[in-house]
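With chain A fixed as given, assemble chain B onto it according to the hints.
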Amino acid sequence: MSTELVIQLNTLLAAMILLTSFALLVQRRMFAILHIFAWQGFFLGLSTAVIGFATGEHHLYISSLLTLVMKVILLPYILYTLIHKLKIHREIESVMNTPATMLAGIGLVIFSYHLTAPVRQLSTLMTRSTLAVALATVMLGLLMMVTRRHAVSQIIGFLAMENGLFFAATSATYGMPMVVELGVALDLLIAAFIFGIFFFHINTTFDSLDVDQMAKLKETD
Amino acid sequence: MTDELTATLPAVLLIGAALLAALSGMPMIVRGVNSRFGQRFATLTMVLAALAGVGGAFISLLNRSRILFQLAWPFPFGPAEIGIDPLTAFFSLPILIVALCCSLYALDYWPARDNPRTVRKLTLFFGLLVSSMLFVLMARSAGLFLLAWEIMALASYFVLTTDDHTAEVRDAGSLYLICTHTGTLALFAAFALLKSISGGYTFPGAGSLSAVAPLATAFYLLVLVGFGFKAGIMPLHVWLPSAHANAPSHVSAIMSGVILKVGIYGIVRTLSFFTDLPLWWGMVLLVLGMVSGIAGVLYALGQHDLKRLLAYHSIENIGIITMGIGMALIGASLGSPVLVLLGMAGALLHVLNHATFKALLFLGAGSVIHAVGTREIDRMGGLLRRIPWTAAAFLVGAAAICGLPPLNGFVSELLIYLGFFNGVIGHSGAAVIGLSLAAPALALIGGLAVACFVKVFGVVFLGVPRVPSATVPHEAGGWMRLPMMILAGVCLVIGVAPVATVPLLDAAVATWYQGSGEYLSLTAITPLSWITYLAVGLLATALMTMLLYRRQLGKSTVTTSATWGCGYLAPDGRMQYTASSFAGSLVDLFSGILCPDRHAPAIKSIFPTRARFESHVPETVLERVYLPILAYVYEKFVPLRRLQNGQIHLYILYTFITLVVLLTIT
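Chains as they are written, first to last, in the working numbering: chain A, 1 to 221; chain B, 1 to 666.
In isolation and in its complexed conformation, chain B is listed as follows:
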């Protein structure tokens, strides 16, 4: 292939993918088009878009090609530019893979014949959402970026509120809309500042601006707020749990798997402009990451709603990614390419990994909810035998999110751990304190995540059913199983052969950080081939154990009873561990942070009467911080609202006064 072709081919493929994705839902606009046909057309188009886009992304990453187009399009805020480089290509991978899987999943999960009212809207905006995310990645000028960003925010609002006849869904949608627009407001300010720093609305190249410029700090903080809202970094995450819980499951998968990552992309891209980074930039991200990670997993432990629980795990994983980025920034300000490479590669790989395993978990959760008809974990149980395919897929996702080998979560967390250890050994000063605190924080996150997924898998899939269900739970259809298998496959492949991702990560990190120009590869500083040996060994052992166990099982007699029957005469399914009782001790330990609501009955007599116990971990940050502050502000602004008094001539008077003032001062 000639050089020119290798540079333009990925661009053609990726832009083509974005346009195809936007096109996928278009037939649904036409009233005459049969919605079943429309849905199949959308899925087919999305599959084509994903194949083309993934191909383009791989070519771009392997050749490290970069290309920049200027659109012949008179656009406000300067010229509109579109560019493809390895960073864009890397972030487009999870988008395309997850979009492909969710689109396939929708065929059985949200079939057109059962949902004639909502399927048109859902399919149309799903296509627009995927397309706008790709354009966000490709935009290289502020105007185009914000345009694509807003389309993404609005399209995700509409897919999120698919079930808009439910009040809960509408509330979640409004909260999301408020948060995303507050973030966009910060971005508008940030890009206005960028113009005064760099002199234009087009994105400057990597490392071309000095971070010691006076406005750079303000830019950094605004970018953190703007993209932090989208990514769901801890104090800005308030929209995320209710939004993910209330969307259709494949929409939750794409929101959690990908939309959050677009926020991360924004942070990574805008920080790449700067050089001479002050140390505190990295420290801030590292601390934010630690807070998000630990608090995210703690809140997850206290949840009873399967999808809400997974949503809190997204915050946890965003925390891990943020820690990686923070470490890369610290590395950049210390001039340590090893730290940059390990931190950024770990963060980027975790972006890809989290997209796959979280999408897998949400799709699995969708199948579970489809099967039993509730999101309440405490009303499930014993599903392993009823829906074995879903259970197996969910188990893979759960092991991956806990960072266990031989799956992909282990690899990216290992890279970040290695970075922490490297940073602590080779350096001194404040950075070491941060990095040496971060390693145990990551370990704590991992441990609590394991506890949480033991709870989920144990309560949902093991044991016996807690509540007799009206219908027998049914296994998911083929179109639901296929995407779960694809995602589980990706998790396993990255986990067993992480070497395959090295060229991709090297290319993406090299785009982000030019540094001193020396070429460093992940293979040189990490024992990735050992991971493969370990993974293969582990898989072989597990397989052997399973075969032996099966043989042993065949010989012995098997009885079925409730878990922890403990010799009661008539053990009942409801006597099993519940999600709350399993997590109870941990939730109690951290009740200072979680502030759980508990309604325990007071025992007054020797023979207790009928009683009811309830416990619930609310969205504490929203309920204890934001809402009181907003209520206070609302109260204080009451006098200002007298300005809007409904008297028309006073409104005209306001216009009149404004006119006279403007005429006077100009």
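Isolated chain A (complex conformation):
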């Protein structure tokens, strides 16, 4: 496979990741969000494998496999069961309306490109052009956490942010050391358990997963 083709392929996958990020931002139905999140993980794993193949860094295959297992199968499955068991798939209005969210997201993507412009000029890596997309994915994940009121959507926003960070690592330096990646994967798994416990407790305490309910916890003056 020629380098040119790899770059083309990688850019295509980056575009797909960005597309899924926007889809996550505006999708309202809980199960659809899970599906999109799984797709994002799938594109991420594929992109990692492509970079691993092109650069000959074989540990990236393991990263790719880990990503596929964790983010395409395991995490969506855990969240799916949780939503199913706790019967919390009811949708909750988001804080901002859809067009405004989209506009803010587009602004963030432009901002990311602006920020990474100096890096693109200095870097010699073949993945340099996707760094902006990685940063945009982080920001869109954060934006999702800000705009959603449902705890599960907020967690997915958080996980999307993590996807963005992972993508940034592969595109900026061809991936983190293996030990770090294993650690991060383990952390994610533990985070999923903790989310599960928290969902359960929030749900039993407030009878809802609307995080606005938690404002009741604040001390009054």
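Quick caveat, the hints were computed from the structure, so don't treat them as lab data. This structure is a prediction, so every number in the text was calculated from the model and none was measured. Even glycine gets a Cβ: it sits at the ideal position worked out from N, Cα and C.
Here's a subset of chain A near chain B, in silico, CB distances under 10 Å, partners left out:
#	residue
1	L108
2	V146
3	T147
4	D212
The following block gives chain B in isolation, referenced to the frame of chain A:
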């Protein structure tokens, strides 16, 4: 002894003492260790630590040895240095002596078998407190200093809140914690400034920085606030009365006797860095000292709570010490080594003296409270015959704190007086005005202190009991009497033979002030041997009078009745002078400063009905100044609190905005 040995031996002994002190409470952590064993182990370790440390301090002071170690320890804020010099050694003396006495006292005052819940915490943190104070004295770099300082602040918080099931104790603890951390905040800023003045976080040598540097003034003011909170200098003293009143008595003794002195040490140490001092530095301290001294003793006069009263006397004595330091600074800026020596030696000796007699008074107060079960002076009376040992010890402490010969308070106050007179005679300008006002201020403090302790001793120990107590007051146990005797002994020895302290004071002052290099000793400029003759004469006269009085008493018949019975048919114990009525005229005279609360009944008819009179001197500075200001600030910041509205996505938004802003500007 070789030179190297004389330099390292005190360091080994003092560092060993600090480590032993920290170790003393450690067995208490282990649940399986019997707390009675733990307490005895702690006391034994503390005695060893005190003996080793006092030995080390004396060697260091007599040889004027200095030594500096750099710790092989990667530490934030530059290299960590530990040093021993005469100044450190001098300040470690009161710490070790008072810690020894308090540790012995605790065996009977806070016995493990009666206090199983609190004794572990108290013993552990007491050891850590003593150890951290010693490390504060030895630290020679900002990082290590602040570390030890914070451990000291937290350890003293935990010993102070030993009785944490009482709301009053918890409030006193919180107030203390707020004040000490505000002070530490100022210290952080001060040491950051020190880095830009001297170029490093290690402490510069004495007189190595110029005080005319632009940042030096800011450093001085921050140091005053930071250490002033700990020392309890007047407008920053608000934590002190409630903290000292609510702690267990031996903790009050160490807090009042020693922790305040660590604040004084901080001021003395940081000011030693500078040379070319402007005159106003000294004047500020002198005025602060006068304010603390006079206001402290006035507030003390109005108190009914024995330990609260003693706490206000600590503020008074800190005022006297501050006046001495202020005079030394004035001397340094005028280039007068005599003023420096008299001021600083007086201040340092008063540090040692106040530590001993105030610890003695607090331990005595502890015994009194143990005996009668209340801190209210007005519910005591006639205790002299019931608890004679405690009464005698308390009397020694009371005479010493009033600055009466033949006790130690007289010596240090005399040095400060001599300094004032010297300064007024030999100089001109603004300094003379300050110094000539300070002498009468010190006299006023002394006079009011005498009035106050006449009140305390008279009301508590003389007369007959005011309130019939449920149980007969009992004398303190042996372990409580022994430390009081030790402290009373120290008071008497320094009072009778002040010459013995001269080499120690000379060494400590020489470390603080290099000056023009000429060697000056206290013996040359003060009539210390006359004090000895005077003291011996006074003691002999007192002894003779007592013997004659005893013989006379044996011949005559003795009747017992209430004081000021005045021919009433049925005089009652409650008709005696109370603490409030004794101090009433003085409190009235100064009511503009004290703002006492008075609830007097209005007499409306010819035959008055049942009535109730109450008077109380509150912590006016706290209640009339700080709390209204804080309430006002709280009110004004209400809109700002809307930022914290409990909405999680808004919190995430704050993070998001911060991130974007940081990414944009970097």
